[in-house]
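Going down the list, the sequences are from chains A and B. Number 616 in the numbering used here belongs to position 616 of the first sequence; there are no gaps in the numbering. Number 396 in the numbering used here belongs to position 396 of the second sequence; there are no gaps in the numbering.
Source of the hints: derived by calculation from the structure; they are not laboratory data. Warning: the hint list may mix true and false statements.
Partial chain A-side listing against chain B, Cβ under 7 Å, derived [what the hints assert, rightly or not]:
#1 L532
#2 Y534
#3 V574
#4 S668
#5 V672
Below, a list of computed lysine to any residue pairs in the SDA-like style, where the Cα atoms sit at most 20 Å apart [said to hold, decoys possible]:
#6 B:K6 x A:D680
#7 B:K25 x A:D680
#8 B:K25 x A:N607
#9 B:K6 x A:L362
#10 B:K25 x A:E536
#11 A:K609 x B:F17
#12 A:K25 x A:V85
#13 B:K6 x A:V513
#14 A:K589 x A:E103
#15 A:K79 x A:T32
#16 A:K609 x B:G19
#17 B:K25 x A:S598
#18 A:K609 x B:E23
#19 B:K25 x A:G605
#20 B:K25 x A:T32
#21 B:K25 x A:I538
#22 A:K855 x A:D35
#23 A:K775 x A:V834
#24 B:K6 x A:E925
#25 B:K6 x A:F460
#26 A:K459 x B:L11
#27 B:K6 x A:D458
#28 B:K25 x A:E570
#29 A:K609 x B:D22
#30 B:K6 x A:P606
#31 A:K775 x A:R720
#32 B:K134 x A:T669
#33 B:K25 x A:E507
#34 B:K6 x A:T436
#35 B:K6 x A:L532
#36 B:K6 x A:V364
#37 A:K609 x B:C20
#38 B:K25 x A:P651
#39 B:K176 x B:T161
#40 A:K359 x B:L11
Nothing here was measured: the structure is a model prediction, and the numbers come from that model. Even glycine gets a Cβ: it sits at the ideal position worked out from N, Cα and C.
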Amino acid sequence: MKTKFTWYFVMGFFLLAQISFAQQKTVTGTVTDQDGFELPGVNIIEEGTSNGQQTNFDGQYSIEVEQGSTLIFSYVGFKDEEVQVGQSNTYDVVMEQGESLEEVIVTGYGQQSRELSTSAVSTVTSEEIENLVPSTSVDNILQGKAAGVQVTAANGRPGQTAFVQIRGAGSINASTAPLYIVDGVPINQADVNNINPNDIAQFSILKDAATVSKYGSRGANGVVLITTKRGSKGDAKIVFRSSVGSGSKIDDPFDLMDASQKLELERQYAALGVNGADVLPGASASPERLAQLISYDTDWEEELLRNSYIQSNSLSISGGADKLTYFLSLGYDKNSGILDRIDGFERVSARLNSTYEAKDWLTVGTNISLARNTTDLPRDRNNVQNPFRALYDYNPYDPLYARDADGNVATSADGSPIFNTSGSIQGFPIARALKTEPEDNRNFLIIGSLFADLKINDKFSNRFQVGGTSNRYNRTNRSLAGGVLNSAVGNSDFPGTQTDNYSQDFEYNVNNVLSYSDTFGELHNFRADFLLEYNERIYTELRAGSRGYPTPDIPYQIIAAEPTLAYSTEARRVLFSQGLFVDYDYDGKYLASASIRSDGSSRFGPNNKYGYFYSGSLGWNIAREDFMEGSFFNDLKLRGSYGTAGNQNIPDFQYLNLLGFDSTYNGSTTAVPVGVGNPDVKWEAQSTLDIGVEFSMLNRRLRGVVDYYVKTSDDLLLNRPISNTVGDENNSILSNIGEIENKGLEVTLSGDIVRNQNLRWTIGGNVAFLDNEVKKLVNGVDIDNGTTILREGEERYTFNLVRYAGVNPANGQALYLDTEGNVTSEYLSGNNTVLSGKSPIANIEGGFYTSINYKGFGLRADFVGKAGNYILNYQRSDGVAIGGIGNSNRRVEAFNYWKNPGDQNVLPSPLYQGTADQTSTRFLEKGDYVRLRTLTLDYNLPSQFLNDNLGIDSFRIYATGQNILTFSKYEGDPEIGIGSGETANAGGRNSQATTGFVPGEFSLYSYPQTKSYTIGIEVGF
Amino acid sequence: MKKYIKYFSLLSMALVFVGCNDELKELEPFVQGNPSTFFNTEQTFQYGVDGAYAQFFNYYADGANGYQGLPDILSDNVIIARTGRLSNETFYDYRYQPNTGGSVSLWWSEAYEAISNANLVIGQIDNLADSPEKDNILGQALAARAIAHFDLVRAYAKIPTQSADAAQSPGIIYIKVEDGDTDDPLANPTRETVASNYTEILGDLTRASQLIGDDNGEGRLNKNGVFGMLSRVYLYNGQYQDAISAANQVDAPIATKEQLPGVFTDDNNAGVLIEWSVNTSSESTYENVGVLYSQTVSGDLKSEYVIDYAFYTSIDTSDVRRPIMVERVMYSNNDYNAINKFKGEGTQINGLLDIKVLRMAEVFLNKAEAQFELGMETEALATLNVLRAERYNNFVAGTETGSALEEAIQFNRRVELSFEGHRFFDLKRRGKAITRSDFGDFADGGGTPAEIKVLPAGDNKFQLPLPIGETNANSNIEQNPGY
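Assemble the whole structure, with the sequences as input and the hints as a guide.
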């Protein structure tokens, strides 16, 4: 690692040496706004040249120019200022705010001034995301940053992607992940963890029909447009960032038993006569043995976990000359994770974005990013192979290493300690298994695009873009000879097994937008874009396995004795689209837009090969009206949109009758019909109505956006049962039948409480209220999903559980309610009751922040939270279970069981294990929480301390804490995505969404969330 | 000039999109085939027939719901072991309902999948030029289609000899590609009569018997197998003379005393006319049929069902079948008479092995029963004695007549075909009640007896309910009475 670090510095300084040897006059000064607040990042260009600079964090600049030249100062939202350089060497500039915040937002296939947009678009800028640990996947970074974007971390594993839903889930069987587009190139959700967050300039999240409709059959789940940084004209700007930190598991809000407590619980159970408890050590061991066991007291969290090591380095070089701009970046991120004995997540990334004005009518450019990440995965299963389960399960009196009769650590012939396999370890010593059952994943992601902008004449222009993403995925999964698994299930004649997966996921996109824009009578502004787009995804996979390894040191199958597995496959999808988008405004006051797009997809059946999607939207910039002259509103816009979009995340070739060759019969090939096709199969449809208000007032000190929407998703793909006599494998045909409605209110507000030369205090936040209802299922029949259910009129995946009615104070028996509401001591799964309004889906989600800047100091806190969701807490159910206490530890809470008649607020008596240890509403808990996601203190060194000779423009140091405070009543960590890896896989590679799984439905033992502290520096040259 | 360069650039960009529409329509699946074009050679047709066999294996061998074992669990041959997992207790206690799942839904669904596979072959067989090889493939497919329908109709409907009303009672739906039955996947077909079903089954089997080859290799249907199956279906349909004739067409020896143990460990295939085979090395993860009866837990055999004590003690010690059927084991400190058939290949105890669907011994028993039913007692006795000579040590030819002869035939049928999926259907087709003994599950007859001891003749539970999935999806189908 150290070598990489040094290398960055060398490279940084090498470039530094080239920076300044011009021989002209140096002009300096400070740029401020009308309030005297210094403006950082103001572009200063010497007119007619490529000579340029930017102001630093204190609004100061320094530029070498010839006397008599003109400097042009430009800054977003402000009017350009021009200064003639005369005798003076100092020019302070006060910039005047423009007519409006000329914020430019990236929308579908182009960009637009926010003021003229009629769409609900949320943006998240680089400043808002820079405080998170950069090994965090960028989708996780969005949590709490934009109204209506629901982000649920899948788990706490470094580099793990998240579940992202925009305005609620509008599907049952198809993926509900949004479409991610990086600089115009679509990428897979699974690959977003391979984007360096430091490269991102802006996220633009398209939520309503006015913009998502332009993405047609891929727009229904919303669109996340990621724009990476570009160079701006002027001298090279070099920024170096480096941070280190450490993380640990977030403390549980409960205690596990220690050795003496656990032994005491066993003794109590035996005394009560609980079946089988009499043979447990707590009841049967001699006092000497008990003392020995207590002396072994083991904190398994300490044995299996560690403090993670987090490191991040990045370097960017950007700038531009007369006709050229460039942005180059390198990044290295490492997060060892909190699990001891494995390596964790590592990412190396590089990017070059450039544009070149080849002719006065032609601009060409390219964006290329290369990134590789590696991660080793612990087994995320709800069984003995999972270390995060082990730390709760292993008895504290079972030590890490085996002991001899005297209680000394037993050693093998070579003197190394022998891992304990007995007792609650159940023959699977996880600490050893992490070493002998390694699983290693590598992803190599290339995102590249090139474009040519053609200016045909004043009215017509054309942009042609070719882009591609290619991800190479490698996975090596081994069971070493003599290791834990190989000893148990391996073949002793062929010790050691290995499986390698290799897949290539390649998607390319070619599009062309021909644009026409014109102004009639000076007031009527008109623009039309015509889109042609072709998109293809090609997925290939190879898999091979073999057994019999002479040495564990060579992880390649060429040394294996014999192959056991060979496999290859391919899948493709093609999309061809045409679109026409029209925008009109009258003097910037009255806005109207419309779009229509047709999508032909290889996934759609021959009867519905082309889908048509349209939208219409209107806006009114009230603030521009004459009667608003002099009001305290700076901006006030009312807008509304309606339109359609589709979700084409449906399986391939559902419209065909297919023949499968997957299985053999008595060793020979079989040809088996695997499904009856549905020639009508098509995209899942969606229509959205959105009404919104955007405003800013009091000299833009208070800014806000409010949106109300109704999103109807219909034609949802469900399995329509067919007669078994057809002989279909699933006895069903995937058909467009279901309907779900999401509606909600989104509010985003921010305000500057104090804004003056030295102090700026801003608070802001967003909140989204969501209401979700299943409207239509196949013939109105419920879809029972175990602990949840889909039922017309209820929330999607409402819990369906037996209702717990507490403990009978007379005898300690667990009580339940039957479907009629009568109390019964019997537990019957037939008494499952649909718990209206209780689902894993939050009704309220949001985030808020507060930020104070005083002179060079900054303090910013970002909170995220949600409310209204319920979680089935299996972790707690295990922690207080009566059965199996011999094999697993318990929470201290387990002592609080019914002991005497009249006992209240207690756990059921251990004598009623059969009815007590059952899944019911007893373990259904509210998932409400608020979490301090980041708290950052930083300091920007004022420029007077920066020695010009060093060439340093800016210097920032900072310290960040992540996840350091949580407010919740949930008995565990409330931030849950996947309970356990076998039930779901967020953004699983080439997989459709896992049917019947909702993120956050239940807790189990997936990689826990972590809290971390990092410190870093950022130096600009 | 410059102007033209611009337009030329624009044109070349637009040209990129020419042909995109064709890409869209030409894309085809990569790892799956097209069922309407794939079948064009003898080999590919054989893959299709093997697909049907694979579907048979799926529902016969299913470790939880196998057709190979459940008819014994539904009968008086076994008793549930209380130390087992109590698997299939719903079936053992005759509590199955349309929504029970398990065998109720599995057989219905999988047998129709086998039929679908067979119809795929039959419907396109004329892609091949006429030849003996074509006939052989068509013969296999027709026989497979018939057997799957037969498995359905005997489970979900009455058997013609079961009662007077049986023939005209609702049967199942016979799906024939030639009749256009496979055209509409959204069709809601109605049930035909039992009589009609048997006519079609016998029609397919008879046609198959004229087309099929003598030997198609292990696990595939052949001429002997088809005639053997014909003898069984004729017997079920009460066509006794035809059953005898079909039996006479089978040219195969019975497994000898010495061979018989090896038949159930796949050491030999003596006397096996139809089997669904499994390659235990390359298909080691396939369904373990033996798990229906028992599995190994930490080296001990944990029984789900054990042989009924009364049945066990009725078998003479000179009967070589006794040790093949039963093994004394200890589990959880209790002795059990565990079922010894279908434990595994060779000395394996993993329950994975070939399914014995029809053996030569059954053909003799079919023939003997048919002869008896026709009053040909001498011939019946002679037929039975041929089998018994290979089943008893020091066998002295029997001399039974009348009801004693009938009983001897049925007793030998029960013993010979025990745990191979016959007993429930044999009692059913003969219109008998199922009467279980009062003994418990332990080896000495102690322990817990069966909860339901009698299923009276004529009880609706003799016909499995149609699965709820079918009645939900198909509005025209009629559920069996009593469900």
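Going down the list of hints, with the structure as the test:
Checking L532 of chain A against chain B by beta carbon gives a least distance of about 5 Å; that is within 7 Å, so the hint holds. Satisfaction of the interface hint for Y534 of chain A is found here, the shortest Cβ-Cβ separation to chain B being roughly 5 Å, below the 7 Å cut-off. Look at V574 of chain A: its Cβ gets to within about 5 Å of chain B, closer than 7 Å, so that hint holds up. Taking 7 Å as the C-beta contact cut-off toward chain B, the hint placing S668 of chain A at the interface holds, the least distance being around 6 Å.
At its closest, the beta carbon of V672 of chain A sits 4 Å from a beta carbon of chain B; the interface hint therefore holds under the 7 Å criterion. Between K6 of chain B and D680 of chain A the alpha-carbon distance is near 43 Å, which puts this suggested pair outside the 20 Å criterion. About 15 Å separates the Cα atoms of K25 of chain B and D680 of chain A, which keeps this hinted pair within 20 Å; it holds. Among the hinted pairs, K25 of chain B with N607 of chain A is consistent with the structure: their alpha-carbon atoms are about 12 Å apart, no more than 20 Å.
Pair hint K6 of chain B plus L362 of chain A holds up; C-alpha atoms about 9 Å apart against a cutoff of 20 Å. Restraint check for K25 of chain B and E536 of chain A: satisfied, since their Cα atoms lie roughly 13 Å apart, inside the 20 Å limit. For the given pair, K609 of chain A sits about 18 Å from F17 of chain B by alpha-carbon distance, which is consistent with the 20 Å threshold. Between K25 of chain A and V85 of chain A, the direct Cα distance comes to roughly 10 Å. Compliance with the 20 Å bound is thereby established for this hinted pair.
Only pairs whose Cα atoms come within 20 Å are accepted, and K6 of chain B paired with V513 of chain A is accepted, the gap being roughly 15 Å. Distance check on the hinted pair: K589 of chain A and E103 of chain A sit about 17 Å apart at the alpha-carbon level, within 20 Å; holds. Of the pairs offered as hints, the one joining K79 of chain A and T32 of chain A holds, with about 13 Å between alpha carbons and a cut-off of 20 Å not exceeded. A hinted pair counts as satisfied when its Cα atoms are at most 20 Å apart, and K609 of chain A with G19 of chain B qualifies at roughly 16 Å.
About 15 Å separates the Cα atoms of K25 of chain B and S598 of chain A, which keeps this hinted pair within 20 Å; it holds. Only pairs whose Cα atoms come within 20 Å are accepted, and K609 of chain A paired with E23 of chain B is accepted, the gap being roughly 13 Å. Annotation: proposed proximity of K25 of chain B to G605 of chain A holds, straight-line Cα distance about 10 Å (limit 20 Å). Taking the CA atoms of K25 of chain B and T32 of chain A, the gap is near 60 Å; set against the 20 Å cutoff, the hint is violated.
Taking the CA atoms of K25 of chain B and I538 of chain A, the gap is about 16 Å. The hint holds against a cut of 20 Å. In summary, the hint linking K855 of chain A to D35 of chain A is supported, as the alpha carbons are separated by about 15 Å, within the 20 Å threshold. Only pairs whose Cα atoms come within 20 Å are accepted, and K775 of chain A paired with V834 of chain A is accepted, the gap being roughly 16 Å. Taken as a hint, the K6 of chain B and E925 of chain A pair is broken in the structure, with Cα atoms around 65 Å apart against an allowance of 20 Å.
A C-alpha spacing of about 11 Å is found between K6 of chain B and F460 of chain A, which places the hinted pair at or below 20 Å, so the restraint holds. Distance hint between K459 of chain A and L11 of chain B is fulfilled; the C-alpha atoms sit about 18 Å from each other, no more than 20 Å. For a cut-off of 20 Å, the pair hint linking K6 of chain B to D458 of chain A stands: about 13 Å separates their Cα positions. Taking the CA atoms of K25 of chain B and E570 of chain A, the gap is about 18 Å. The hint holds against a cut of 20 Å.
This hinted pair checks out: K609 of chain A and D22 of chain B have alpha carbons roughly 12 Å apart, not beyond 20 Å. Taken as a hint, the K6 of chain B and P606 of chain A pair is broken in the structure, with Cα atoms around 38 Å apart against an allowance of 20 Å. For the hint pairing K775 of chain A with R720 of chain A, the CA-to-CA distance comes to about 16 Å; that is within 20 Å, so the pair holds. Restraint check for K134 of chain B and T669 of chain A: the C-alpha separation of about 19 Å stays at or below 20 Å, so the hint holds.
About 18 Å separates the Cα atoms of K25 of chain B and E507 of chain A, which keeps this hinted pair within 20 Å; it holds. At most 20 Å may separate the alpha-carbon atoms for a hinted pair to count; K6 of chain B and T436 of chain A exceed this at roughly 63 Å. Among the hinted pairs, K6 of chain B with L532 of chain A is consistent with the structure: their alpha-carbon atoms are about 18 Å apart, no more than 20 Å. Proximity of K6 of chain B to V364 of chain A is assessed by CA-CA distance (about 14 Å); at most 20 Å being required, the pair is judged to hold.
For the hint linking K609 of chain A to C20 of chain B, the alpha-carbon distance of about 13 Å falls within 20 Å, and the restraint holds. Among the hinted pairs, K25 of chain B with P651 of chain A is consistent with the structure: their alpha-carbon atoms are about 16 Å apart, no more than 20 Å. This hinted pair does not check out: K176 of chain B and T161 of chain B have alpha carbons roughly 25 Å apart, beyond 20 Å. For the hint linking K359 of chain A to L11 of chain B, the alpha-carbon distance of about 18 Å falls within 20 Å, and the restraint holds.
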